[in-house]
Amino acid sequence: MTAIREKFRARVGEPGLIIAPGAADVLTAKLVEQLGFEAVYVGGYGIASVAHGLPDTGLVPVTELIAHAGAIAGAVDLPVIADLDDGGGTPIRIRHHVRLLERAGIAAFHLEDLDLGGGKHLGTDERLRPLEAAVANVQAAVDARSDEDLLVIGRTDALAAGRGLDEAIDRLGAYAEAGADLVFAAALHPSDVARVAAAVDRPLLNTFIPDAAAPDQLDTSERDGARIVVHSSSAFRVAYEAVRGLLVELKAERTDRSLGSWDTVRAQIDDTIGARAWRRYLP
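Numbering (my numbering), first residue to last: 68 to 350.
Don't read these hints as lab results, they were simulated from the structure. Fair warning: there could be bad hints in the mix.
Cβ pair distances, simulated, as ranges [stated by the list, open to error]:
1. 311 to 197: 39 to 45 angstroms
2. 167 to 331: 38 to 44 angstroms
3. 130 to 254: 41 to 47 angstroms
4. 331 to 286: 30 to 36 angstroms
5. 246 to 337: 17 to 23 angstroms
6. 70 to 339: 33 to 39 angstroms
7. 319 to 73: 39 to 45 angstroms
In this text, all values refer to a predicted model and were calculated from it rather than measured experimentally. Glycine residues also receive a C-beta, built at the ideal position from the N, C-alpha and C atoms.
Can you make the complete structure from the sequences, with help from the hints?
Listed below in structure tokens is the structure:
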């Protein structure tokens, strides 16, 4: 895992956008690898909704986020970028969780500055931690790692909390000064990437926003200075829509004839998971 981290840190310092599709499960992550992407993203929204049927509002323990991302990291030879939520919310908890995450083989993780007691993704007003406390959390994350190639990404949710772009930039600058290797402003629109990238002296990670007004946002984000764009929820959104469509058909028409050939799909899945390699261990 150290070699993967070392290579990924070097890659982040090179020109060219890194596109990291999101994966909420190992099979999707292996598809990401098979199709030639440079990294895979494991977000808290996917883990909460797909694995637990819960909203992404801090209900999944940090240790479970780490275990889920670690299972994916153990199954692919790609750097895994993980969502650590608030890391537990205090420096001592963050120190513990970063050490667990490092042992799990994660290459990079982001740490947010939301006070999760104020809600998240529930349509309520979101609260930020005071800047001093958020900076102390980033410093704890940086200090906790024993492998300097583990990338710490300082994340602010200032935009989602209604604080505006100026505060988001100020917070990212403070997290950079605290030692964060990259910065990430959640809900940053592609049209504002250039301003953030110019204002903060760290590589910028951004999320792909499902927005018909910005269909070329990967190209514009690269042009404007983003280093990594995570396509966080698209894969399991497609999976949800497909499974729901199948179940509607099965319920209404008592058939699954809209599906492709199972033999064909089974062969593709077996290829993705490397099933053939296991045959030699059979008697």
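How the hints compare with the structure:
{"no.": "1", "hint": "311 to 197: 39 to 45 angstroms", "verdict": "holds (42 angstroms)"}
{"no.": "2", "hint": "167 to 331: 38 to 44 angstroms", "verdict": "holds (40 angstroms)"}
{"no.": "3", "hint": "130 to 254: 41 to 47 angstroms", "verdict": "violated (27 angstroms)"}
{"no.": "4", "hint": "331 to 286: 30 to 36 angstroms", "verdict": "holds (34 angstroms)"}
{"no.": "5", "hint": "246 to 337: 17 to 23 angstroms", "verdict": "violated (44 angstroms)"}
{"no.": "6", "hint": "70 to 339: 33 to 39 angstroms", "verdict": "violated (23 angstroms)"}
{"no.": "7", "hint": "319 to 73: 39 to 45 angstroms", "verdict": "violated (53 angstroms)"}
Hint compliance for this structure: hints 3, 5, 6 and 7 are broken, all remaining hints hold.
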